[in-house]
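S.K.: What follows is each chain in one-letter form.
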Amino acid sequence: MDLRKLMGAIEAILFVSGEPVGIDEIAKTLNISKEVVLNCFNIMKKDYESDSRGIMISMVGEKLLLKTKPNFFSYIEKLFKPKVSSQLSKAALETLAIIMFKQPITRTEIEDIRGVNVEKALKSLQEKKLICEKGRLQSPGRPILFITTDECLDYFGLESIDEVNFYRDK
Amino acid sequence: MDLRKLMGAIEAILFVSGEPVGIDEIAKTLNISKEVVLNCFNIMKKDYESDSRGIMISMVGEKLLLKTKPNFFSYIEKLFKPKVSSQLSKAALETLAIIMFKQPITRTEIEDIRGVNVEKALKSLQEKKLICEKGRLQSPGRPILFITTDECLDYFGLESIDEVNFYRDK
Amino acid sequence: MALNVKLDAFEGPFDLLFHLIEKNQIDIYDIPIAELTEQYIAYLYEIEEKQLDLASEFLVMASTLLCIKSQMLLPQKKDNSVQLELAASEDDDPRGELVNKLIEYKKYKDIAAVLQLKEKNQSKVFKRPPQDLSYLCNNEEFSLTGVTFADLKSCYLSILKKKNRDKRIHPVSKDPFPLIKKVREVYNILLTYKKNVYFSQLLKKTRKTKLEIIVTFLAILELEKMNKILASQERPFEDIIVEIKGGS
Numbered sequence: 001m002d003l004r005k006l007m008g009a010i011e012a013i014l015f016v017s018g019e020p021v022g023i024d025e026i027a028k029t030l031n032i033s034k035e036v037v038l039n040c041f042n043i044m045k046k047d048y049e050s051d052s053r054g055i056m057i058s059m060v061g062e063k064l065l066l067k068t069k070p071n072f073f074s075y076i077e078k079l080f081k082p083k084v085s086s087q088l089s090k091a092a093l094e095t096l097a098i099i100m101f102k103q104p105i106t107r108t109e110i111e112d113i114r115g116v117n118v119e120k121a122l123k124s125l126q127e128k129k130l131i132c133e134k135g136r137l138q139s140p141g142r143p144i145l146f147i148t149t150d151e152c153l154d155y156f157g158l159e160s161i162d163e164v165n166f167y168r169d170k
Numbered sequence: 001m002d003l004r005k006l007m008g009a010i011e012a013i014l015f016v017s018g019e020p021v022g023i024d025e026i027a028k029t030l031n032i033s034k035e036v037v038l039n040c041f042n043i044m045k046k047d048y049e050s051d052s053r054g055i056m057i058s059m060v061g062e063k064l065l066l067k068t069k070p071n072f073f074s075y076i077e078k079l080f081k082p083k084v085s086s087q088l089s090k091a092a093l094e095t096l097a098i099i100m101f102k103q104p105i106t107r108t109e110i111e112d113i114r115g116v117n118v119e120k121a122l123k124s125l126q127e128k129k130l131i132c133e134k135g136r137l138q139s140p141g142r143p144i145l146f147i148t149t150d151e152c153l154d155y156f157g158l159e160s161i162d163e164v165n166f167y168r169d170k
Numbered sequence: 001m002a003l004n005v006k007l008d009a010f011e012g013p014f015d016l017l018f019h020l021i022e023k024n025q026i027d028i029y030d031i032p033i034a035e036l037t038e039q040y041i042a043y044l045y046e047i048e049e050k051q052l053d054l055a056s057e058f059l060v061m062a063s064t065l066l067c068i069k070s071q072m073l074l075p076q077k078k079d080n081s082v083q084l085e086l087a088a089s090e091d092d093d094p095r096g097e098l099v100n101k102l103i104e105y106k107k108y109k110d111i112a113a114v115l116q117l118k119e120k121n122q123s124k125v126f127k128r129p130p131q132d133l134s135y136l137c138n139n140e141e142f143s144l145t146g147v148t149f150a151d152l153k154s155c156y157l158s159i160l161k162k163k164n165r166d167k168r169i170h171p172v173s174k175d176p177f178p179l180i181k182k183v184r185e186v187y188n189i190l191l192t193y194k195k196n197v198y199f200s201q202l203l204k205k206t207r208k209t210k211l212e213i214i215v216t217f218l219a220i221l222e223l224e225k226m227n228k229i230l231a232s233q234e235r236p237f238e239d240i241i242v243e244i245k246g247g248s
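Chains as they are written, first to last, in the working numbering: chain R, 1 to 170; chain W, 1 to 170; chain S, 1 to 248.
Hints in this document: simulated from the structure, not taken from any laboratory.
Beta carbons are placed, not taken as given, at the ideal position from N, Cα and C, and that holds for glycine.
Treat the hints with caution; some may be incorrect.
[Unchecked claim] Straight-line distance between alpha carbons at most 25 Å, and here's what the computed DSS-like set of lysine-lysine pairs gives:
id, chain 1, residue 1, chain 2, residue 2
1, W, 129, S, 194
2, S, 161, S, 181
3, S, 161, R, 90
[Said to hold, decoys possible] Computed list of chain W residues with no C-beta within reach of chain R, every gap over 12 Å:
id, residue
4, 21
5, 25
6, 28
7, 53
8, 62
9, 77
10, 90
11, 106
12, 109
13, 119
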């Protein structure tokens with residue numbers, strides 16, 4: 001295989017992997033020496049310098065990876081920030097809703113209902129003091145139980161948790 | 001911004017996203033018209049044809065995305081051993097073909113064309129999110145209407161449904 | 001006639017008919033219906049002998065073929081005008097409907113073949129996993145502004161609904177008012193008051209649901225049975241007076 005095709009293969013490999021890929025792994029996969037991989041890397045690095053390229057190749061330790069060029073960061077932020085933010089808000093709202101109506105509840109139980117990891121959402125809800133930890137469940141692993149705080153009830157204009165139960169059954 | 005820089009920005013955006021990004025979203029983010037985005041797309045498509053590139057740009061519906069070139073499949077397979085999703089059954093493919101060109105369509109109409117029960121095929125297509133329900137027909141029994149999803153074009157790597165006709169007529 | 005193909009290989013009666021048509025190089029616009037019917041039915045017999053489950057659709061097609069065959073054997077109705085007769089014989093070909101359906105089916109069979117090819121090609125290309133962009137927003141950066149308790153409740157209900165749809169099972173909600181808990185609660189209230197308490201007072205604290213009212217009543221009956229309290233009523237439908245035993 002000529003150098004150009006090897007460069008294509010390396011680009012494809014690095015593209016698919018979200019993580020850095022070891023130079024030795026690449027060499028083994030393409031049946032070439034590490035020196036040839038480094039050779040490709042040097043040429044690619046130059047090629048990526050073109051203005052028409054939005055990504056670049058870099059080496060961390062003995063690994064290679066592709067990443068976006070920093071000068072395009074503002075567009076990425078503009079396009080994706082609203083999406084990330086709305087995802088975050090949705091996750092937080094859903095998690096809070098589940099805790100509100102199912103408290104006290106463990107993280108696993110919440111994840112079972114939402115179907116996704118809620119670690120981040122729990123953290124941000126705790127930071128905003130909308131939920132807090134309240135003891136542990138007497139079961140294997142003794143998982144932490146979460147409940148809503150008084151501030152949270154207050155925010156939603158609720159006098160006590162009984163009021164939540166009252167509305168839930170309606 | 002000149003075309004070359006715009007191309008760089010588009011590459012960066014698509015690289016970050018992983019998933020297809022709407023042409024309108026790209027245009028809005030870069031403050032350019034959809035025509036200019038398409039213009040960039042066409043030039044990029046050519047650029048990516050170079051042997052030294054391992055990825056390509058393609059259009060699905062009104063969206064753009066980056067993917068690896070098929071000729072590097074063997075290396076990616078060797079290195080990452082990706083889970084290759086099971087292929088659709090012949091029954092599912094025939095059912096999907098009918099929905100693609102006759103949507104929105106009811107189950108009975110599909111069965112009339114295929115001459116067999118399509119319940120199972122519909123269910124597996126829905127599970128794979130290639131089709132979805134879209135309202136009901138205003139007729140006795142109010143049967144459910146089915147349409148294809150955006151993911152469907154992506155799944156087959158089709159720019160549009162018309163592309164299938166193009167291949168069929170060849 | 002070699003009929004050693006399994007029925008599983010066919011997607012339905014149309015598919016099987018096409019197989020026979022192609023094998024015999026039949027002109028689809030001029031199908032020798034008697035011959036085709038014979039082959040089709042012979043095929044079904046063979047399948048049956050192998051004791052495979054024969055889908056009813058295949059039998060329906062057999063009867064359709066037989067019906068067309070018999071129609072073609074019958075003399076056509078004669079019209080007075082020769083021209084009309086000629087025109088009619090074109091339109092009234094009993095095979096017409098079947099041919100149209102076969103052509104329609106063939107169209108989608110071909111499209112399915114294109115799709116299969118495309119699917120195969122796509123299985124060799126890969127997307128990139130979406131980059132984790134959570135760094136774009138701080139963790140606290142979500143907003144509950146304008147979110148009301150009603151929003152929270154409808155959010156909760158829609159999550160439950162989605163979950164039920166996904167799993168197609170119903171969640172068994174845990175009893176919100178276990179009787180034993182209520183018994184303790186009522187007894188504690190009585191202990192603190194240390195005097196007669198009206199049943200309505202036990203419910204006063206907050207607005208109660210029907211279920212909670214019932215459970216509270218059951219708690220009183222339970223405490224009575226446990227000989228812990230004395231319940232009395234001056235008249236039917238009057239408020240129940242609850243008195244703790246051994247209290248002042």
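S.K.: Would you mind marking each hint as holding or not holding in the structure?
M.R.: Outcome of the hint check:
With a C-alpha separation of about 64 Å, the suggested pair residue 129/W and residue 194/S falls outside the 25 Å cut-off, and the hint is violated. Distance restraint check for residue 161/S and residue 181/S: the Cα-Cα separation of roughly 30 Å exceeds the 25 Å cut-off, and the hinted pair is therefore not satisfied. This hinted pair checks out: residue 161/S and residue 90/R have alpha carbons roughly 16 Å apart, not beyond 25 Å. The non-interface label for residue 21/W is inconsistent with chain R: the shortest C-beta to C-beta separation is roughly 8 Å, within 12 Å.
The Cβ of residue 25/W does not lie farther than 12 Å from every Cβ of chain R; its closest approach is about 6 Å, which violates its non-interface assignment. At roughly 8 Å from the closest C-beta of chain R, the C-beta of residue 28/W falls inside 12 Å, breaking its exclusion from the interface. Against the 12 Å criterion, residue 53/W falls within the reach of chain R, whose nearest CB is about 6 Å from its own CB. Interface exclusion of residue 62/W from chain R stands, the closest Cβ pair being 16 Å apart, more than 12 Å.
Here residue 77/W does not stay apart from chain R, with its beta-carbon only about 10 Å from theirs, under the 12 Å limit. With a cut of 12 Å on Cβ distances, residue 90/W stays outside the contact zone with chain R, its closest approach being about 30 Å. No Cβ of chain R approaches the Cβ of residue 106/W within 12 Å, the least distance being about 31 Å, so the stated non-interface status holds. With a closest Cβ-Cβ approach of about 34 Å to chain R, residue 109/W is found to remain outside the 12 Å limit, as its non-interface label requires.
The beta carbon of residue 119/W is kept farther than 12 Å from every beta carbon of chain R, the shortest such distance being approximately 26 Å.
In terms of the numbered hints stated before, the structure departs from hints 1, 2, 4, 5, 6, 7 and 9, listed from lowest to highest.
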